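A.B. asks: In order, the protein sequences belong to chains A and B. Using my numbering, you'd call the opening residue of the first sequence number 1 and step up by one each time. Using my numbering, you'd call the opening residue of the second sequence number 1001 and step up by one each time.
It is possible that some hints are incorrect.
As the list claims (entries may be wrong) - So the derived list for chain B, only partly shown, Cβ under 7 Å to chain A, looks like this:
1. Leu1013
2. Ala1014
3. Tyr1087
4. Phe1090
5. Glu1092
6. Ala1094
7. Tyr1095
8. Met1105
What the hints assert, rightly or not - Distance condition first, Cα-Cα at most 20 Å in a straight line; then the derived PhoX-like pairs of lysine-lysine:
9. A/Lys41 x B/Lys1106
10. B/Lys1086 x A/Lys13
11. A/Lys37 x A/Lys54
12. B/Lys1040 x B/Lys1051
13. B/Lys1106 x A/Lys37
14. B/Lys1037 x B/Lys1071
15. A/Lys41 x B/Lys1108
16. A/Lys37 x B/Lys1108
17. A/Lys4 x B/Lys1086
In case anyone wonders, no lab produced these hints; they're calculated from the structure. Everything numeric in this text was worked out from a predicted model, so none of it was measured. Idealized CB from N, CA, C, for every residue including glycine.
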Amino acid sequence: MSNKTTVTAEPGKQELFIIREFDAPRELVFQAHTDAKLYEKWVGPDDLAMTVEKMDAVAGGSYRFLHERGGHVYAFHGVYHEVLAPERIIGTFEFDGLPETGHVIMGTTKFEDLGGGRSRLVHQSVFQSVADRDGMIASGMERGVVDGYNKLDNLLARLQEPNTASA
Amino acid sequence: MSSAQLDATFAALADPTRRAILGRLANGQASVAELAKPFKMSQPAISKHLKVLERAGLVSRGLDAQRRPRKLEAMPLKDATDWLEKYRQFWEQAYNRLDALLEEMKIKEKKQNKRRKK
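Start from the sequences, fold in the hints, and give me the full structure.
C.D. replies: In structure tokens, the structure reads:
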């Protein structure tokens, strides 16, 4: 059984929602969001190496993460506004790789207790403009396209190996 | 799909009346008069919305020259959903890893609780 991630982004709005349930109590899901060693283990896509450079998950604290793939480093940073265990994290988020600074996103992540050792995460990101939001989502699409090409490369390489294609 | 095309799709979808028109057309072709009825809007007002939808490639005109029925073009909508789907998969990958990590954390916690009881 697997829990499905839902993403909602209504056309023309400056916000998006990410919703996901977990077969674990919210205390643990919260911990996995605020403990640097744990956070490193799961955040980001499969093919990126993730490093937490700094993570001070308290109100007024800050964080900086580095994603690395193929020699390219993508950095993200922000400030924690509220860290209320085990129910809520509010903070800012900014991607350092944009041509100009100041495109800050405000994120609120809520951890809801569903009983029976289950919980639900509801994340809301509020962007400064619709264009900012759509750009962020589109960057995920480009990534998907790159992944697609990588898979195609692998497939093509396999097809070129003698005798394996027909075996 | 170009980002200009996506922009046009999303701009067209940003209006609730236009989304309702698409919802109606998903059930089958309809003339401008038929579309205007449930919305309590004038035909020119509906035509204006239809023009935006046509420009975005979401609606096209049927063959009947008299009724000039409009029909839904699903392809741009599919592209618009795919666009969100890639972003969704980005998070799905991470949360699937978090699932595995939470299982480890649960086992560790159980062991610690046992030790505490002893």
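A.B. asks: Hint by hint, which ones does the structure fall short of?
C.D. replies: none
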